[in-house]
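There are 2 protein chains.
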Amino acid sequence: MKRDKWLNQFSEWYQYIIENAGLIDYRYPIKGCGVWLPYGFKIRKNVLSIIRRLLDETGHEEVLFPLMITSEMLSKESEHVRSFENQVFWVTHAGEKELNEKLALRPTSETAIAPMLKLWIRSHADLPKKIYQIVSVFRYETKATRPLIRMREITTFKEAHTFHESLEDAERQINEAVEIYKKFFDSLGIPYLISRRPEWDKFAGASYSIAFDTILPDGRTLQIGTIHNLNQNFSKAFEITFEKRDGTRDFVWQTCYGISERVIASLIAVHGDDHGLVLPPKVAPIQVVIIPIPYKGYEEDVNRKCINARDQLKNANIRVVEDFREKLTPGSKFFEWELKGVPVRVEVGPQDVKNKTVTLVRRDTLERRVVGDDVLVENVLKIFDDIEENLRRRALEFQLSRVYRAKSVEEIIGMLSKGVFVFEVEWCGKDECGLMLEEKTNLNVLGIPIDKSLDDKEEKRCIICGEKAKLMIRLAKSY
Amino acid sequence: MKRDKWLNQFSEWYQYIIENAGLIDYRYPIKGCGVWLPYGFKIRKNVLSIIRRLLDETGHEEVLFPLMITSEMLSKESEHVRSFENQVFWVTHAGEKELNEKLALRPTSETAIAPMLKLWIRSHADLPKKIYQIVSVFRYETKATRPLIRMREITTFKEAHTFHESLEDAERQINEAVEIYKKFFDSLGIPYLISRRPEWDKFAGASYSIAFDTILPDGRTLQIGTIHNLNQNFSKAFEITFEKRDGTRDFVWQTCYGISERVIASLIAVHGDDHGLVLPPKVAPIQVVIIPIPYKGYEEDVNRKCINARDQLKNANIRVVEDFREKLTPGSKFFEWELKGVPVRVEVGPQDVKNKTVTLVRRDTLERRVVGDDVLVENVLKIFDDIEENLRRRALEFQLSRVYRAKSVEEIIGMLSKGVFVFEVEWCGKDECGLMLEEKTNLNVLGIPIDKSLDDKEEKRCIICGEKAKLMIRLAKSY
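Protein chains in written order, with the numbering used here: chain Z, 1 to 479; chain U, 1 to 479.
Mixed in with the good hints, there may be bad ones.
Identical chains blur together in the list; that is why a pair holds if it fits in one copy or across any two.
[To be verified] Pairs of lysine-lysine residues, derived as DSS-like cross-links and limited to a Cα-Cα distance of at most 25 Å, are as follows:
(1) Lys130 to Lys296
(2) Lys76 to Lys452
(3) Lys418 to Lys282
(4) Lys129 to Lys182
(5) Lys130 to Lys333
(6) Lys354 to Lys102
(7) Lys457 to Lys236
(8) Lys45 to Lys282
Quick caveat, the hints were computed from the structure, so don't treat them as lab data.
Chain Z on its own, in the form it takes in the complex:
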């Protein structure tokens, strides 16, 4: 298994995968909109079932809000609307008729849910309230669009919204959200950096934002999850109040957190190789493909054995297909199923018939192993575990190799030419130094790492002003 093209020509590699692996078709006549194909839809469904389970288990309830938001609702929270107003698609007409009030396609749903929460929440007994929905959101992106990474219709936006009786309870919820997302990305073997975004890059309407970023093969970071403490900003704008335990009234405390189809983009990008997709078995629509290796005189025996193997695997609840297409050579079948990332290939040839064996090939390493018929299922299940473990380990090693602890701006500039695009540096905490850092390096500040902290023993100095540094800051070339 080679990862040369994957690493060195990532952009072309990604484009090739999108066009050939059957996930989405990006040729839809509207820019930034794509069609989920059956194979991609199944991956999406499997991935969503993981996040749904994690949210359901922690008391989040799934709901579904309308797509459209009135202009008045959208503009109630002033910072929020300012940030989105250039990106909003507006419905202005129905048939020939001009609408009295223009309607926004939701860019996110804080302002859609607020008027309803105002009706639903009366007292502390209604709190905490934790809801989520998985919907399409719409943003008129002016940057170059890219399949699953920067879309104008984001078809897979999981947004959770929670409501609390105190700031402390909201903070506790932020921690829960971080834990949920960790489990989610861990289960997919996608490594991440967690950073508290700087003041100048937080979500519009939030008191602070925490983000998960992953590093793509080209070394650039992709934001794959965000968590926001909204404080009482929206509840004040929409007058969402509740009766407290002491009988007085207060505005509710609010958080929200989201992931999108970028999860699928990172699943493709982080685990792929020069042969195509490499899917973790738990989300692979097809976990095993069985391919007969025909040999004159043995066709019937080989096919019968393939069907036996299929039935064995099916009975063990493994998602398996057999590929009996006669016009294709085994080699072209291998090519196709490797491209689609099927975790295990079972080859059955005349030798296997004679020896009561099958040949297993695992997708991540392309290693071959011949095993007895009677231990097929247990070997396949073992390989599933090995693949997930290997993908996780390999991806994490890659991430570690792409983050550099820099001591000066010059050192950063030097590393950039070597293809390292993520840096951690010491920082005094002043916005002006952070902004200066961005300007000097042409990178984005991701924020303060919340997944690691400074070693206290050594004395640290801000990379910009040289003053005593208590903080670390992360910056990167990001998507």
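We have chain Z already, so just place chain U on it with the hints.
This is chain U only, laid out in the frame that chain Z set:
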């Protein structure tokens, strides 16, 4: 269990259920748009899982197309656009910018999928192709909107689209679709009339349309499913051609069929009673609720027994909750769970503790039954079956009582005053007689029944012109 209010004040009853049973909240600030609440969302999910299974089993593949359709795409099939143009929501702006081409929110997706199918279909080997998606569609309804029945955002539109190499194969697909929908509605105990819609009421762009209608408690029909033979109308407009087996090229033959959240509306309406919802166990989010009947000195025993019962049921994969809220009386709990349609209530009181029994109350009949602890699970499962059987039978009886075989227009007028609104009459087959019939009765022609036919022995006469009749036609006061 009484069904007086349900029957005689259906409209108020329905409104009450919508406002109180926790399915959807219709107070969203945009007319014709509602919010799916957690309980309603779970019913919707369970219902959708049935239709998904039926479609997946018959080779339909789930996909997801973009929401927006360019003005040019939408207008390619001329009849189609004429029928929808007054109902289309138009996106004209993004931020401050006016778009070069206005974009429609899909009213249905024939014109969204056509350009992609043109890319996907090359030869007969690509056919048949059967896809479906479950999405929101948007129609600016000018008639009075009504929750789940007539919405401007229809949040639950399951649309299947199929492509074939011949008219015969498309016809075969129409039959398959009819069978799928029969199984679907049968499994929910929702009775239906199947009619081939008259020429003047077929889907825009179809050569003919078949519809499923159910009869609501007020006697009016509600269209709950449609199946259309699109012939080559769209494939000609969008130039979707394929290479035939003989090497020549032809336009593909197409069908489509849809259901919507009206399934949920009919589930509510058809099975409900004066106490509220009555849900078939297979789609009930909560199948059993356990309610302790407290009695001084027995609280602990009763609660322990409730927990035992819950665990027994949970281990049998039954969706069960216990209601230990202390501030509420058993009576108010009964009221609430009956309103929500939970199929079985388990009451546990001091007598039950002594006698090693529990008391089961089934929601459809409110019959009580005391059973031994050791046969709890089997009794609950038996009651589930009995409820589904009873709901099906009761709904079918109601439907049969509300369809009248009329011999003259006068007879129809007479029955209307008795609250019967669905009629089957003999018909010559001429459009003018059908239209005249609608005018004289102020009813809608549903079409030619395809679920029953005329008895050939007797001579029949068209109810309008008196000429020899070979056909039957169905008409109704419809939603």
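Okay, the hints, checked on the actual structure:
Taking identical chains as interchangeable, the C-alpha atoms of Lys130 and Lys296 are never at most 25 Å apart, the minima being 63 Å within one chain and 36 Å between chains. For the identical chains of this complex, Lys76 and Lys452 are neighbours neither inside a copy (37 Å) nor across copies (58 Å), given an alpha-carbon limit of 25 Å. In this homomeric assembly, Lys418 and Lys282 never come within 25 Å of each other (Cα to Cα): the closest approach is 35 Å inside a single copy and 60 Å across copies. Taking the shortest alpha-carbon separations for Lys129 and Lys182, only the intra-copy value of 22 Å comes in at or below 25 Å, while the best inter-copy value is 40 Å.
In the homo-oligomer, the alpha carbons of Lys130 and Lys333 lie at most 25 Å apart only across protomers (24 Å), although the nearest pairing inside one protomer, at 47 Å, exceeds that limit. When the C-alpha separation of Lys354 and Lys102 is checked against a cutoff of 25 Å, the pair qualifies neither within a copy, at 73 Å, nor between copies, at 66 Å. In this assembly of identical chains, Lys457 and Lys236 lie within 25 Å of each other by CA distance neither inside one copy nor across copies; the values are 44 Å within and 76 Å between. In this homomeric assembly, Lys45 and Lys282 come within 25 Å of each other (Cα to Cα) both inside a single copy, at 11 Å, and across copies, at 22 Å.
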